[in-house]
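Colleague: If you want the building blocks of each chain, they are given just below.
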Amino acid sequence: MKINKETVEKVAHLARLEVSEEEKDMFAHQLSDILDHAEKLNELDTEDIAPTAHALPIKNVFRKDEVRDSLDREAVLANAPEKDEGMFKVPQIVD
Amino acid sequence: MELYQLTAHQLHEKLVNKEVTAREITESIYNRIEAVEEDVKAYITLTKEDALKQADKVDEKIANGEEIGPLAGIPIAIKDNMSTEGVKTTCASKILHNYKPPYDATVIKKLSAEDYIMVGKTNMDEFAMGSSNENSGFYPTANPWDLTRVPGGSSGGSAAAVAAGEAIISLGSDTGGSIRQPAAFCGVVGMKPTYGLVSRYGLVAFASSLDQIGPFSKDITDCAIALNYIAGHDEFDSTSANREVPDYTASLNKDITGMKIGVPSEYFGDGIDQEVKDAVWTAIKKLEELGAEYEEVSLPHTEYALSAYYLIAPAEASSNLARYDGVRYGLRSEEVKGLVDMYKKTRQEGFGDEVKRRIMLGTYALSSGYYDAYYKKAQKVRTLVKQDFDRAFEKYDVLISPTTPTTSFKAGAKKDPLEMYLSDICTIPINLAGIPALSMPCGLDSNGLPIGLQIMGNHFGEEKILQIAHAFEQATDFHKKRASL
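Chains as they are written, first to last, in full-length UniProt numbering: chain P, 1 to 95; chain X, 1 to 485.
Treat the hints loosely; a few may be bogus.
Once the Cα atoms are required to be at most 30 Å apart in a straight line, the calculated DSBU-like pairs of lysine-lysine come out as [said to hold, decoys possible]:
#1 P:Lys2 - X:Lys414
#2 X:Lys380 - P:Lys40
#3 P:Lys83 - X:Lys376
#4 X:Lys376 - P:Lys59
#5 X:Lys380 - P:Lys83
#6 P:Lys5 - X:Lys94
Reference excerpt, derived from the structure (chain P facing chain X, CB under 7 Å, subset only) [claimed, not checked]:
#7 Phe27
#8 Ala28
#9 Gln30
#10 Ala55
#11 Val67
#12 Ser70
#13 Met87
Calculated directly from the structure, the hints in this document are not laboratory data.
Only a predicted model underlies this, so the values are computations on that prediction, with no experimental measurement involved.
Ideal Cβ placement from N, Cα and C applies to all residues, glycine included.
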């Protein structure tokens, strides 16, 4: 098994996920299985192969530097779980 | 025959000949929904009131003698991961259960400009992660051919809606087979276009370098018509291909004599059901009778595609899904102690197991010390998979394979994630390479379930795919078979 409970805890923190004790066991087991399967990739020598991030060649795309209307403030805030005075409201960040 | 059983091109003819009204067509669809939706559960949200208003507008245009396009007055269902202004877009996730986008996705804008009628938003695997539609955060969708079986995923709701007559056409998204696999399971046509042909602006991102929007339909002609209206360059999507879009219906009736078909042997291996192999080979022989030539070909890196995909897609997902933090939209957990606690609890409560599993896997694959061994390695293997296709398309016009290793399986049958991932083994390499591919019905198995034929083309080779698919369709009756619901 590649992934133990401690690794699950660490990765969950990086991913900002809270996981229960039960989930830690489940993910440790399942992620290990998937990564074991991924070991298959090591059968291939890819030393001189360039990685492909996109299947088609892409280049920087620029548009004209023109001012455009953005979404209305009320429309942007409409879905916010909590808002105040035209802004998103979040819990206190600094103690 | 009821109106909901017809195709878009048949309905268009009836509309312009004033044999039916758009309101009658729309009412036929909602009556059908009333009759079968309790069993199928293809939809998350229905938009009946707006649909009838839109239908009346189309009828008014016809009454005024205005010309209408092929999609005007046609009821179309939209997968619930495409932004629809003011209409809930949930991605079948609790974390977005109440989200109403303030803008339309580009595909929605394009369809609206054609006076289409939106029937509603279809059920899906949460954030398009799944191969059975059992991962919806709300409820599973059933396969209209056998309600105890899955419709496939993640666009299972869109496929089931067309198969059950609850929509004439629908849109889905395909990241590793999510249009083609459910199309095969539900006995309809489903197409994943070339990466970049259809704008992804307004599509809720899962794995951005693989996702592509495409249509479901009852036949190839409707598929070509839908593609005509959703394809095209979009300056809002930086990966959108800037090239002219042909009229895809123009290629449908061209002779296929001399077309070269490659049959990749790796897609007919041990994991593929014999009935599926037999049906696909029968289809290939039929195409040979129609004048095409076939030859077996090897795509040697096929067996590595699944492993590469299940590192690349979760890596991109873990990054894309970082935006669900309970600040700007969607769910926010209550009773939290500070900001980080709010993020963690919100995401814990809002995401289902499959989404969490992929976020964890992706975060691991991208983390310091593992990036080269997993993510970069997978991207290099992606190059090899793509090169296999590049070489094959130097010689062949299209490649043909089964769409899925089996026909639809029973709900609850696959409990192990890795076993479920194998459902997409025939479709995943196509997304890694960014090529287009279509699934169409080519037979029924001994349980009476549809079998899918997958036709793959070179980048922007949609016309050849549609040409050969249409020839097969005209020579067979599989597209006329319907779920007996």
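Colleague: Decide, hint by hint, whether the structure agrees.
Modeller: Evaluation of the provided hints:
A distance of roughly 23 Å separates the Cα atoms of lysine 2 of chain P and lysine 414 of chain X; the hinted pair therefore holds under the 30 Å criterion. With a C-alpha separation of about 13 Å, the suggested pair lysine 380 of chain X and lysine 40 of chain P falls inside the 30 Å cut-off, and the hint holds. Of the supplied pair hints, the one linking lysine 83 of chain P and lysine 376 of chain X is violated, its CA atoms being roughly 41 Å apart against a limit of 30 Å. The hinted pair formed by lysine 376 of chain X and lysine 59 of chain P meets the criterion: a straight-line CA distance of about 20 Å does not exceed 30 Å.
Proposed proximity of lysine 380 of chain X and lysine 83 of chain P is contradicted: the alpha carbons are some 45 Å apart, above 30 Å. In summary, the hint linking lysine 5 of chain P to lysine 94 of chain X is supported, as the alpha carbons are separated by about 26 Å, within the 30 Å threshold. Nearest Cβ of chain X to the Cβ of phenylalanine 27 of chain P: about 6 Å, under the 7 Å cut. The hint holds. Contact between alanine 28 of chain P and chain X, as hinted, is not supported at the beta carbon level, the nearest pair being about 10 Å apart and thus beyond 7 Å.
Annotation: glutamine 30 of chain P was flagged as interfacial toward chain X, and the flag holds, the nearest CB pair being 6 Å apart, inside 7 Å. A cut of 7 Å between beta carbons decides the hint on alanine 55 of chain P: the least distance to chain X is about 2 Å, and the hint holds. A cut of 7 Å between beta carbons decides the hint on valine 67 of chain P: the least distance to chain X is about 16 Å, and the hint is violated. Interface hint status for serine 70 of chain P: violated, as the beta-carbon distance to the closest one in chain X is roughly 11 Å, over 7 Å.
Against a cut-off of 7 Å between C-beta atoms, the interface hint on methionine 87 of chain P is violated, since the closest Cβ of chain X lies about 11 Å away.
Checked against the numbered hints listed earlier, the structure breaks hints 3, 5, 8, 11, 12 and 13; every other hint is satisfied.
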